[in-house]
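So the sequences go chain by chain: P and X. My numbering puts the first sequence at residues 1 to 319. My numbering puts the second sequence at residues 320 to 609.
Note that these hints are calculated values from the structure, not bench results. A quick note: this is a predicted structure, and the numbers were derived from the prediction, not measured. Treat each hint with caution, since some may be false.
In the DSSO-like style, the derived pairs of lysine-lysine whose C-alpha atoms are separated by at most 27 Å in a straight line are [claimed, not checked]: (1) P/K60 / X/K391; (2) X/K507 / P/K162; (3) X/K438 / X/K531; (4) X/K586 / X/K359; (5) P/K32 / X/K322; (6) X/K324 / P/K32; (7) X/K491 / X/K531; (8) P/K221 / P/K162; (9) P/K32 / X/K321; (10) P/K162 / X/K491.
Far from chain X by the CB rule (all over 12 Å, computed), these chain P residues [what the hints assert, rightly or not]: (11) S203; (12) T271; (13) F282.
Chain P regions said to be covered by chain X (calculated; three or more residues, Cβ under 8 Å) [unchecked claim]: (14) 48-55; (15) 58-71; (16) 76-88; (17) 273-280.
No residue lacks a Cβ here, since even glycine has one placed at the ideal position from N, Cα and C.
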Amino acid sequence: MESGQASHFLLFVDDSYGIMPELMMLKRGKIKENLIEGLFFINGLIVVIILIGIFILLLKNALPGLKEVGVFHFLTTGYWNPDAYDQATYGALAMLMSTLMVTLGSLVIAVPLGIGTAAYLSDVASPKVREIAKPVIEILAGIPSVVLGFLGIVLLGPFLAKVTGTYNGLNAINGAILLAVMALPTIISLSEDALNSVPRSYSEASLGLGANKWQTVTLVKVPAAASGIVAACMLGMGRAIGETMTVLMATGNAAEFPTGFLSSVKTMTSTVAIELGEVAYFTTHFYMLFAVGLILFIITFIINLISDIIFHKHMKMLK
Amino acid sequence: MKKIKMLGLGLAAMMICSGVASAASIQVKGSDTIINLVQKQAEVYMQKDSTVKIAVTGGGSGTGIAALVNGKCTIANSSRAINAREMESALANNVSPTRIVIAIDGLSVIVNAANPVTKLTMYQIGGSFRGDIRNWSEVGGSNMPIALYGRQSNSGTYGFFREMVLKGEYSKAMKTMNGSSQIAEGVKADPSGIGYVGVGYTKSAEGVTIVKVAANAASIYESPLDEAAVDSGKYPIARPLYQYVNGALTGSAKEFIAFELSDEGQKIVAEEGFFPITSEYKSANAKAGF
């Protein structure tokens, strides 16, 4: 009989056996459990409410600007120049291109490096190496973005200038390298988890059939963990797209349409960071900055959604 | 339970302390060009009067004026005059900006120390920054493309330079840096670089050359380090540096501004590499009530 029913029953039962205290404790226990469950539920609900709230705030503040400028014009015009000498223009294309360039550049560097490191850590490295490497990777994840931006200006910039034969190193490739450093720990940790979750039977079967360790890792384990690895890369991409301080400091912030990886670029995040402080509230410029924020939110949301779907498929497949 | 009580008490204590600390606090926001100067003046003033707390932050002239309009600061540092759009917003918010001149700046154009070019006319500088002139060989230098280093749109210096020198739009290839310091660092590291900074930032400049500027090819090339040239207007890119406040101030903020305009405050202006205000600006300040 459930404790709820028991409590009703207790009203008519005589306690000559002294069992009331135990039954009271059961009842109190069930209430406490319900209370804690309720608290956790509210907690989870608050997080969802905050997310929805942010989206509504972005949408509400972007709509007046988008109505004035036009969504199509906004997404296809090249230049963003709200404080222009003559005519203000609100075009997101150059910014969008710049963000995509540094993000994709960072993935080109971080994905092979990350998957390779993850494969090494999960299959080849001795436990001692693994013990040292994992904390070091976590520390890499904790480096403040300002510090990386500073290193980009002071160390990487002059180095790139020398290596590429140009006069200065504040360009897209500088930003891409720094973003790769930021995305690497995410990609490594999650890819390693994905590789570790591949059942041992796969690698044992492969080795049993005569393949060596290298063939097992590259031809059996990595393809089996593919969806988990893809999810890891997408999360790394999400990290790189939203990064502000590093790109603000190291990419040179030139408004022109990027002509290659050696040109200075201005990403969407830099634009918002630079201009939101000086804009007068509730002007077109103000609303359009929220529109840029909205684009960033939507892109990041889609990336996270896709990676989540892929990851769940991966987990289901392995079971 | 005891831990929670201690935590609660600790938080309450912190909140009370911060409340007390911000009792007499003056918020000064705005220009990156002026920030070092005003910070130094604030430091000296706070030593003289320890009941006053002055917080000086940057963000650019545009940010400072926006903060004044939105009621988020008492004094806005600005290296350019307030424009019509900002004045409209201010009046719509019941803020009436009053202008005070606190120093004079000879806006300096800097190039890398290894660059043989050390003098330029206004047309050459404007043309370079507009993107019409693209190579150093066109202005007497070696065959290198000109790399432009400028400020961002929140900067008063950006606005002033565009009005005064470019009379057109900046080249899209210009790298927009986060502050005058970053411009100086960028030009120092780049043999093909050219940038513009307030003269106070050239005080400790190594690795860069300060360009002498002539109004046109027939005039004399003047240096921004020459106080007489800057005051008389012979140096073509001289400008007053402003602070904007809301209406007539009273109390510690007004006393701080009086200190900035006093002999001691103006001595700090000279130490920081800028120039003290001339008599015409002194009378303009007096008319505004300062």
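To see whether the hints hold, each was checked on the structure:
{"no.": "1", "hint": "P/K60 / X/K391", "in the structure": "24 Å, holds"}
{"no.": "2", "hint": "X/K507 / P/K162", "in the structure": "15 Å, holds"}
{"no.": "3", "hint": "X/K438 / X/K531", "in the structure": "5 Å, holds"}
{"no.": "4", "hint": "X/K586 / X/K359", "in the structure": "11 Å, holds"}
{"no.": "5", "hint": "P/K32 / X/K322", "in the structure": "22 Å, holds"}
{"no.": "6", "hint": "X/K324 / P/K32", "in the structure": "22 Å, holds"}
{"no.": "7", "hint": "X/K491 / X/K531", "in the structure": "25 Å, holds"}
{"no.": "8", "hint": "P/K221 / P/K162", "in the structure": "41 Å, violated"}
{"no.": "9", "hint": "P/K32 / X/K321", "in the structure": "21 Å, holds"}
{"no.": "10", "hint": "P/K162 / X/K491", "in the structure": "24 Å, holds"}
{"no.": "11", "hint": "S203", "in the structure": "48 Å, holds"}
{"no.": "12", "hint": "T271", "in the structure": "10 Å, violated"}
{"no.": "13", "hint": "F282", "in the structure": "9 Å, violated"}
{"no.": "14", "hint": "48-55", "in the structure": "violated (count 0)"}
{"no.": "15", "hint": "58-71", "in the structure": "violated (count 0)"}
{"no.": "16", "hint": "76-88", "in the structure": "holds (count 7)"}
{"no.": "17", "hint": "273-280", "in the structure": "holds (count 6)"}
Hint violations for this structure: numbers 8, 12, 13, 14 and 15, all remaining hints satisfied.
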